[in-house]
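Visitor: Letter by letter, the chains look like this.
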Amino acid sequence: MQNLLKNERLFNILVPVISAILGMLAGAIIMVLGNYDPVAGFEALFSGMFGTPKAIGETIRAASPLILSGLAVGFAFKTGLFNIGVEGQLLVGWLASVWVGYAFELPAVLHVTLSILAAAVAGGLWGMIPGYLKAKFKVHEVIVTIMLNYVALYVTADLIKRYLYAGNEKSYRIHESASLSSPFLSQITEGSRLHWGIMIALIAAVIMWFILEKTATGYELKSVGYNQHASMYAGMNVSKNVILSMTISGAFAGMAGAMEGLGTFQNMTVLSSFTGTGFDGIAVALLGANNAFGIILSSLLFGGLNTAAPQMNFDANVPSELIKIIIALIIFFVASGYIIRVIAARFSKEGK
Amino acid sequence: MSILEILALIIPAALYTAAPIIFTALGGVFSERSGVVNIGLEGLMLFGAFTGVITTLTIQDSVGAASPWVAILVAALASGIFSLLHAVASITLRADQTVSGVAINFLAAGLSLFLIKKIYGKGQTDFVDFRINKVDVPGLSDLPVIGDIFFSRIPYTSYIAILAAIVVWYVIYKTPFGLRLRSVGEHPMAADTMGINVTRMRYIGVILSGVFAGIGGAIYALSISGNFTGGTISGQGFLALASMIFGKWHPLGAMGAALFFGFAQSLSITGAQIPFLKDIPSVFLIIAPYVLTILALTGFVGRADAPKAIGIPYVKGKR
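Chain order of the listed sequences is L and D. For the first sequence, the UniProt record's numbering assigns the number 1 to the initial residue and increments by one for each residue that follows. For the second sequence, the UniProt record's numbering assigns the number 1 to the initial residue and increments by one for each residue that follows.
Extracted from the complex, chain L is given alone in its bound form (with noise of 0.2 Å):
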């Protein structure tokens, strides 16, 4: 029991490991396949995700929404929940921390940590409707978030074209007090656009574990989602925990956005198709296995990747949509750990 405890742990570091390097592999055969160089391809990756001060902190500033568009996701997978609606919770939150960091004027610290809440409020509720609905009508979460993402689309759109737009696309711009951005941080990174939101993102990250590890309400979010019959018979309230779950999900999501609104872009595009972070969250969260921790790491690489992609197609040529590609390919890799589970445990038998 203790060893099959032991490989089971080992197993779930294991599998996204192999997996993140069959991705890198398989894009590698990619590069060779399509008449790319992949030494020079994987040189000009690298060097975009760390090779430069600059590199570093654009890394860095690319994970913040990730880590927390991945917290999004890895919470609500831990409570047996799939939030596929971090991208519409993301944007929520994005105009909801623009709109307080526009529309007010208030001391600095107070203004940013006013615009962040907004956010989280707003994600929140937009999580809070699918969890509502599973918990009341019995509807699949997965259905309703997609259908919510493209609601939060054109509803944000149509909002700041209504109410705060400056022309070209873009709404207003916050104001200094609420920005997340630092002269500091980016001089040490010698002209990255890094923000303190990678502060937060990483608070985020210590919340998420301490909620779930560490207080009765994740016990019992985790143990709904493990087995309902079983928590409800052992006298949990069911509904209330797929509805707390999936609102403190989405206030994660809404966060992601207040990385960008607050600190990439000061201000928010009409858009006319998702972000992806809130997708990204998805492969970060699978990836990191759903920890805390390991999202962190994943959202690092991802960030990297997604940072270092136009460097790789400016100097070795390939185009930046490898990327892409090799994230499809790590995802699938980390949802099929069957066989690398079966594969694994197979040598490891053979070893005895």
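Keep in mind that the hints were calculated from the coordinates and are not lab data. Don't be surprised by glycine CBs; every beta carbon is placed ideally from N, CA and C. Among the hints, a few may not be true.
Here are the simulated lysine-lysine pairs, DSSO-like style, with alpha carbons at most 27 Å apart [what the hints assert, rightly or not]:
no., chain 1, residue 1, chain 2, residue 2
1, L, Lys222, D, Lys308
2, D, Lys308, D, Lys174
3, D, Lys308, L, Lys240
4, D, Lys174, L, Lys161
5, L, Lys240, L, Lys138
Residues of chain L placed beyond 12 Å of chain D at every Cβ, according to the derived structure [unchecked claim]:
no., residue
6, Phe42
7, Leu164
8, Thr215
9, Met236
10, Asp280
Beyond 10 Å from chain D on every Cβ pair, some chain L residues (computed) [stated by the list, open to error]:
no., residue
11, His140
12, Arg193
13, Ala234
14, Asn267
15, Ala289
16, Ala328
17, Ser336
Could you slot chain D onto chain L? The hints should help.
Guide: For chain D alone, coordinates are given in the frame of chain L:
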């Protein structure tokens, strides 16, 4: 503007936008009826649009006006093969079906744009020379009243889509094959006991979803957009998914829902010309399909129940 003039404006537009969604939704019916969730419809459709456009561009000089029709068949085949990835992952490797579908969407988007850049050296293709055009059906379009509403300025693909829905309904509800397909989606163990090969039926379901979504994507690209860019397919696959659910996993229901969503979309475009719709902000019409789908699921518009065994990998001998 008279009511007939309004109908002659809206209905052809609705039939035009609905055709690709009908096909893709029918694909979804095949997959989900066999018990495999298919969030990947969007990606399968995208792959079909991509194959459809590059095939047309490649053969249009030699084949001429028939090339888009050939391209639709090639797209059906290509997306059918592409969907095997989803089948292998979710049926054989027992991956989470939703996650595998998400990966299909990622992969289709990345791969198609990667190849477009590789082949054409830019982020989008040229426009095709031959499209699937809107036509006035000979004879029928001259009929009084209905000729203008139902048989004018509509591409043939819209009629084929409606016909396909009827054929799919017949196949799923009136043939032994259809019964087997539905049984592995409802109760795979019982089906297995009766000697039905669950794995094989599910593979067929998923591959058919690829074939139909490929056709849907190709029709979209070749009748509506005319070229392929990263943004050609953005949400139509999910709209098809919504149609399938709103239509309660029934081929004719899915068709009806797709027509209704096509209607809502065409209203959001043509609404500006229609007196009493002018004042409704177009955003309401655009989000209508999505909101209605949610309402349908909650039971406000009739209860929609998924096939019982959907999303659960079948493991022989496991209760």
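Visitor: Now tell me if each hint is right for this structure.
Guide: Quick rundown of the hints versus the structure:
1. L:Lys222 with D:Lys308: Holds, at roughly 25 Å.
2. D:Lys308 with D:Lys174: At roughly 20 Å apart (the allowed maximum being 27 Å), Lys174 of chain D and Lys308 of chain D satisfy the hint.
3. D:Lys308 with L:Lys240: holds (25 Å)
4. D:Lys174 with L:Lys161: violated (51 Å)
5. L:Lys240 with L:Lys138: Given that 27 Å is the threshold and the Cα spacing comes to 13 Å, the pair holds.
6. Phe42: Phe42 of chain L is indeed farther than 12 Å from all Cβ atoms of chain D, at 16 Å.
7. Leu164: For Leu164 of chain L, whose nearest Cβ neighbour in chain D is about 15 Å away, the distance exceeds 12 Å, so it holds.
8. Thr215: With a cut-off of 12 Å, Thr215 of chain L remains clear of chain D, as the shortest Cβ separation is near 27 Å.
9. Met236: holds (24 Å)
10. Asp280: At roughly 9 Å from the nearest Cβ of chain D, Asp280 of chain L sits no farther out than 12 Å, so the non-interface label is violated.
11. His140: violated (7 Å)
12. Arg193: holds (24 Å)
13. Ala234: Its Cβ never comes within 10 Å of chain D, the nearest being 24 Å, so this holds.
14. Asn267: holds (20 Å)
15. Ala289: holds (13 Å)
16. Ala328: Incorrect as stated: the minimum Cβ-Cβ distance to chain D is 4 Å, not above 10 Å.
17. Ser336: violated (4 Å)
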